[in-house]
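Can you make the complete structure from the sequences, with help from the hints?
From first to last, the protein sequence lines stand for chains U and S. With my numbering, letter number 182 in the first sequence gets 182, and the count goes up by one each step, no holes. With my numbering, letter number 235 in the second sequence gets 576, and the count goes up by one each step, no holes.
Just to be clear, a hint being listed does not mean it is correct.
Stated by the list, open to error - Okay, the calculated bits of chain S under chain U, using three or more residues with CB under 8 Å as the criterion:
#1 403-415
#2 709-716
#3 809-818
#4 822-830
#5 835-843
Unchecked claim - One side only, chain S facing chain U, incomplete, derived with CB under 7 Å:
#6 Gly613
#7 Asp848
#8 Arg849
Quick caveat, the hints were computed from the structure, so don't treat them as lab data. Computed from a predicted model, the values in this text were never measured in an experiment. Glycine included, each C-beta is placed from N, C-alpha and C at the ideal position.
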Amino acid sequence: MVEGGRRSRTSGRGIRTEGTSAERVVAARAVTQPAPVTVAEGVLDPSDGRIEVRKTYKLYIGGQFPRSESGRSYVVAAADGRPLANAVRASRKDLRDAVRAARAAFPGWAGRTAMNRGQILYRIAELMEGRRDQFAAEVAAAEGVSEARARHLVARAIDRWVWYAGWADKISQVLGAANPVAAPYFNFTIPEPSGVVGIVAPETSSLLGLVSRLAPVLVGGNTTVVLASERRPLPAVTLTEVLATSDLPGGVVNVLTGYRQELVPVLAAHLDVDGLDLWGAPDDLRREAERLAAENVKRLAQRPLRQREDRFDWLDDGATERPEWIAAFLEMKTVWHPFGV
Amino acid sequence: MSSSTEPRALTRAGGAVGASWGLGEGQAIPWEYAPSREARDIVAIRERYGLVIDGREVPAADGGTFVDLDPATEEPLAVVARATKADVDRAVRAARRAQRRRWGNLPGRERAKYLFRIARILQERSRELAVLETLDTGKPIKESRDVDIPLVAAHFWYYAGWADKLEYAFPGRVARPLGVAGQIIPWNFPLLMLAWKIAPALAAGNTVVLKPASTTPLSALRFAEICREADLPPGVVNIVPGPGEIGSYLAAHPGIDKVAFTGSTAVGRQIGQLVAGTDKALTLELGGKAANIIFEDAALDQAVEGIVNGIYFNQGEVCCAGSRLLVQESVVDVVIEKLKDRLATLRVGDPLDKNTDVGAINSRAQLEKIEELVASGVAEGAEIYQPACQLPERGYFFRPTLFTNVAQSHRIAREEIFGPVLSVLTFRTPDEAIEKANNTEYGLSAGIWTEKGSRILEMARRLRAGVVWANTYNKFDPTSPFGGYKESGFGREGGLHGLLAYVRLEDR
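Laid out in structure tokens, this is it:
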């Protein structure tokens with residue numbers, strides 16, 4: 001394992017176990033075992049004496065669920081320090097594969113009718129609704145919040161999909177225009193998606209933060225490569241299972257888990273990425289990423305510098321539900337044509 | 342296929358085009374035009390100009406100056422103060438003071454009246470400004486008179502009306518000014534680029550520090566005079582002419598809230614790096630390599646006029662110039678024939694002559710860049726055509742140039758030349774046209790020429806470019822957003838979208 005690239009605040013938690021990966025899995029699961037009921041009532045039920053079937057948390061690239069080509073993983077711990085699972089530690093190659101998948105999916109997704117995109121986003125909300133318990137359990141474990149709060153966060157994440165879904169066929173009417181030019185021409189302006197957008201998802205808000213950043217980028221017709229929260233990636237991985245079954249074409253959303261110090265610079269420097277949402281990047285990494293992003297004039301969205309990521313209130317609809325977040329990755333196209341007979 | 346695409350178009354029935362003059366390829370028109378020179382005495386140019394900081398004209402902190410040339414004669418026009426870093430510091434402080442104490446607190450309707458006033462003075466002094474702009478840039482007087490200056494006034498007029506209507510511009514939100522804007526503009530449309538930057542900034546309640554290009558500072562300094570004439574409060578508009586390093590220093594300045602840059606993609610990258618890791622708002626309007634696509638069913642004579650306007654307007658020193666001509670294979674011969682005929686009639690020379698179509702290149706450096714790229718086109722195997730027009734003995738002039746047999750890999754088909762040089766490529770199907778048009782890292786503009794409406798809309802949809810001109814080219818208007826996709830930049834200038842680049846939206 002490469003230690004050098006990691007931030008001290010994650011590597012300093014002492015949750016990493018030593019030994020081979022097989023030993024680490026055993027160690028991780030042994031600790032997880034005692035308290036399944038509290039994290040997922042009704043999902044993990046030890047009372048019938050059945051051995052549960054556990055989930056392998058994988059990447060989501062091009063509509064598939066590969067492991068990293070690098071074969072690497074890292075241990076994900078709950079907020080209280082218990083190891084929860086091994087997450088894939090994506091490599092630079094995985095990231096490049098994800099960008100390729102996003103690029104391939106872009107014409108199809110951008111070419112969907114606005115109403116169709118809206119329906120697919122709404123479908124994501126529908127499917128999340130049916131998995132509320134599972135999401136709540138994972139969010140509670142990842143973020144160390146009460147079960148009630150976790151349920152609330154999940155509900156709002158679902159509602160956020162609905163809010164943005166409704167924008168799909170309205171954003172053009174709000175941001176577009178017919179312009180009264182001072183000459184005999186018909187002139188109109190319409191928004192179009194920027195292309196492939198990299199999203200560094202919020203580190204602290206594992207699900208609601210991620211959905212709040214992802215939904216506006218998607219509804220505009222962009223395809224995405226998402227770096228899930230590094231320490232709390234499991235809800236994002238479960239979200240990919242929803243995405244995979246929600247009529248969202250493969251490649252429109254690609255989700256990687258792994259180390260940000262390793263992946264963000266590669267994402268920021270990638271010349272086939274058109275835009276970058278750096279909300280979840282710490283300030284030092286953000287500066288480096290923005291410098292790299294200038295190479296091919298990437299569009300940027302970011303958290304204000306004074307705004308501490310871990311203090312941001314993702315439940316504040318006014319701050320998180322904004323057409324500006326859709327507009328951040330839209331291009332305005334203006335078309336002229338003369339009047340005449 | 343419509344009748345206009347038949348080969349018989351080549352026979353030129355009626356004899357109204359070039360062949361009837363009996364000209365061979367590359368021959369000039371066999372008659373002289375009488376000179377028709379615009380009077381220069383309408384504009385008084387002083388020997389020396391200072392910087393404009395806090396409403397006063399001041400020398401540079403170190404007393405430094407540079408000589409501003411007339412590119413058509415290579416004669417000096419004026420000696421201009423060269424801003425230093427200390428001057429930029431002073432200008433930023435003045436702009437901050439003016440924003441906090443005066444401009445930012447002024448009710449929108451009062452800001453509007455100042456901007457309307459400026460628009461009116463620009464109209465009143467339009468001929469003077471046109472002559473000044475032509476002297477400093479080398480662009481033909483008919484362009485500065487009929488395009489640049491009317492658009493400059495129109496931009497101030499348009500944004501003046503927004504100043505007291507911001508609550509209607511962004512429904513449900515409160516639009517606050519960003520603060521101080523640092524603005525860096527190029528030399529191809531000096532006063533127009535100033536208007537694109539300053540009008541929306543001021544309308545929204547910002548103050549500005551503007552750095553004009555070092556070869557074209559005079560119209561910006563004249564604009565500062567107009568601001569005084571309009572009694573604009575001191576410090577609202579500050580002008581700091583100087584070299585590129587001063588632009589970089591301004592962009593990196595911690596005292597500004599917004600950077601707006603128009604210029605090359607290479608410099609745009611550097612600006613992006615300078616702004617990285619800050620909370621500054623940024624808009625970039627960068628280079629282009631636009632495709633102008635001619636379908637076989639197009640009205641070819643109109644298309645040829647559009648092609649000429651697309652690439653030879655302003656000597657091709659236009660970021661959105663239609664520098665890559667994509668012609669459907671079935672009509673390529675007739676289009677090139679017509680183009681060559683039309684090129685033979687272009688008048689190249691004295692920018693102040695009202696009959697001049699193509700003026701002077703803005704600087705020796707730019708002329709050398711054009712020459713170098715044209716030489717690369719020849720070396721890479723493209724076929725060059727230039728009409729045999731007489732060029733003035735002095736000044737930076739370049740013949741309108743046409744390249745055929747151009748491959749997509751040639752430098753002249755990939756790099757922004759920023760000169761009167763057209764590269765002709767061909768296509769067979771609409772898909773191929775789209776593929777070639779989008780095969781560039783740029784995405785500023787594009788042109789489509791066809792009589793078929795559904796094809797226009799389909800092509801416009803698939804072209805990755807911020808401005809698409811259908812059956813026209815190089816049209817601009819203050820209500821019409823302008824700006825690029827991909828490496829041609831981000832953010833828009835003009836229209837409501839241009840206003841958005843100068844406000845911070847807050848919850849009600």
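Evaluated hints:
Given a C-beta distance limit of less than 8 Å, the hint that chain U covers the stretch 403-415 of chain S is violated, as 0 residues qualify and 3 are needed. Judged by the Cβ-Cβ criterion of 8 Å, the stretch 709-716 of chain S is not covered by chain U as claimed, because only 0 of its residues qualify and three are needed. Chain U is given as covering the stretch 809-818 of chain S, and this holds because 7 residues of the stretch bring a CB closer than 8 Å to a CB of that chain, at least three being needed. Three residues within the 8 Å Cβ limit are the bar, and the stretch 822-830 of chain S against chain U gives 8, so the coverage statement holds.
For the stretch 835-843 of chain S, the assignment as covered by chain U holds, since 3 residues bring a beta-carbon within under 8 Å of that chain's beta-carbons and 3 suffice. With a least beta-carbon distance of about 3 Å to chain U, the hint placing S/Gly613 at the interface is held under the 7 Å criterion. This hint holds: S/Asp848 has a C-beta 5 Å from the nearest C-beta of chain U, less than the 7 Å allowed. Here the hint on S/Arg849 is broken, as its CB sits about 9 Å from the closest CB of chain U, past 7 Å.
Hint check: violations occur at hints 1, 2, 8; the rest are consistent with the structure.
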